[in-house]
Amino acid sequence: MFGRARLVIGVTAAALAMPSVAAANEEITVASLTSWPPFSGKELPNKGFSNDVAKTVLERAGYDVTVKLMPWSRAKKMTERGKFEVLTSVWHNEKRAKTLAFTDAIARNELVFISRKGSGFTYTGLDSLKGMTVGTVRGYDYQDAFLDTDHFQREAAESFKTNLKKLAAGRIDAAVGDRLIGKYLVSNKLSSLKGELAYSDKALSSKKLYVTVSRKAENTEQLVSDFNAALKAIRADGTYTEIQARHGLQ
Numbered sequence: 051m052f053g054r055a056r057l058v059i060g061v062t063a064a065a066l067a068m069p070s071v072a073a074a075n076e077e078i079t080v081a082s083l084t085s086w087p088p089f090s091g092k093e094l095p096n097k098g099f100s101n102d103v104a105k106t107v108l109e110r111a112g113y114d115v116t117v118k119l120m121p122w123s124r125a126k127k128m129t130e131r132g133k134f135e136v137l138t139s140v141w142h143n144e145k146r147a148k149t150l151a152f153t154d155a156i157a158r159n160e161l162v163f164i165s166r167k168g169s170g171f172t173y174t175g176l177d178s179l180k181g182m183t184v185g186t187v188r189g190y191d192y193q194d195a196f197l198d199t200d201h202f203q204r205e206a207a208e209s210f211k212t213n214l215k216k217l218a219a220g221r222i223d224a225a226v227g228d229r230l231i232g233k234y235l236v237s238n239k240l241s242s243l244k245g246e247l248a249y250s251d252k253a254l255s256s257k258k259l260y261v262t263v264s265r266k267a268e269n270t271e272q273l274v275s276d277f278n279a280a281l282k283a284i285r286a287d288g289t290y291t292e293i294q295a296r297h298g299l300q
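Under the working numbering, the first residue of the sequence shown is numbered 51, with each subsequent residue one higher.
In case anyone wonders, no lab produced these hints; they're calculated from the structure.
Fair warning: this is a prediction, and the values are worked out from it, not measured in the lab.
In this text, a Cβ means the ideal position worked out from N, Cα and C, and glycines have one as well.
Just to be clear, a hint being listed does not mean it is correct.
Label pairs and their in silico Cβ distance ranges [stated by the list, open to error]: (1) ASP287 / THR183: 22 to 30 Å; (2) LYS233 / LEU197: 31 to 39 Å; (3) ASN75 / ARG221: 49 to 57 Å.
With a Cα cut of at most 16 Å, we get these calculated EDC-like pairs of lysine to aspartate or glutamate [what the hints assert, rightly or not]: (4) LYS180 / GLU144; (5) LYS258 / GLU144; (6) LYS167 / GLU246; (7) LYS282 / GLU109; (8) LYS118 / GLU144; (9) LYS252 / GLU160; (10) LYS118 / GLU77; (11) LYS266 / GLU130; (12) LYS215 / GLU246.
Working from the sequences, and respecting the hints, build out all of it.
Encoded structure:
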């Protein structure tokens, strides 16, 4: 009697810990940015780190996954409307949380200031930017304090890569961007800048990077739950580390 009860309890607990069986063969569309190396991009292994993680996790949970890349504004809008179930490479804010359900974080982005070596610039805080022209990327989510400060100029460009070129040409004094992305770009796209740039030790901000689920999806809560369980599993069995290595992020 008691032995059978313990068996039933054990089986039930195990079932609760596993991704939903109902998820099997359900088709999921993952939307992401056209190009944000090394996190998203058609030229990257498995379309980038974020999409590699998302697809691996969702397939582990039993879903059939298709990844589609497109401009950020379209990917976000279509996911919010429920056209796509999942959107990757998202930073959290309260406005987004109204239309998108956030999973556990898959990585962390650290925004730093990049300058030309020998310029004498050391970032110690926003006051150290006084009189400078800093390159930003149009549409990115920067801190209010950075956007509201008026003792330096912000000059927006379409991409971080463009800002690094402008920095090398002396058209801006510094560029703000993700440390890993900067190093990726210099190593893979802007080899002439190797050894020419300095990255600030102090970061402007450090943000967790998420995968999100549309709140208009038919099974939002189940998708988030399944994702988190499978993400925990791939971290535990070493699969996550393998994905990091594949994208040069270790």
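Inset, instruction - Could you see if the CB distance from ASP287 to THR183 stays within 22 to 30 Å? - result: Hint violated: Cβ distance 48 Å, outside 22 to 30 Å.
Inset, instruction - For the range 31 to 39 Å, tell me whether the beta carbons of LYS233 and LEU197 fit it or not. - result: Given range 31 to 39 Å: violated, Cβ gap about 25 Å.
Inset, instruction - Quickly compare the C-alpha distance for LYS282 and GLU109 to 16 Å and report which way the hint goes. - result: holds (14 Å)
Inset, instruction - For the pair supplied as a hint, LYS258 and GLU144, confirm whether the alpha-carbon distance does not exceed 16 Å. - result: holds (14 Å)
Inset, instruction - Return holds or violated for the Cβ distance of ASN75 and ARG221 against the range 49 to 57 Å. - result: At 53 Å between Cβs, range holds.
Inset, instruction - With a cut-off of 16 Å on the C-alpha distance, tell me whether LYS266 and GLU130 pass. - result: Holds - the C-alpha atoms of GLU130 and LYS266 are around 7 Å apart, at most 16 Å.
Legend entry - Hinted pair LYS180 and GLU144, Cα distance within 16 Å: violated (31 Å)
Inset, instruction - For the pair we were handed, LYS215 and GLU246, check the Cα-Cα distance against 16 Å. - result: holds (11 Å)
Inset, instruction - For the pair supplied as a hint, LYS252 and GLU160, confirm whether the alpha-carbon distance does not exceed 16 Å. - result: holds (10 Å)
Inset, instruction - Could you grab the alpha-carbon distance between LYS118 and GLU144 and see if it respects the 16 Å cut-off? - result: Violated - the C-alpha atoms of GLU144 and LYS118 are around 25 Å apart, more than 16 Å.
Inset, instruction - Would you check the hint for LYS167 and GLU246, treating anything up to 16 Å between C-alpha atoms as holding? - result: Cα-Cα ~6 Å, so holds.
Inset, instruction - Take a quick look at whether LYS118 and GLU77 sit within 16 Å of each other, Cα to Cα. - result: holds (13 Å)
Of the numbered hints listed earlier, those contradicted by the structure are 1, 2, 4, 8.
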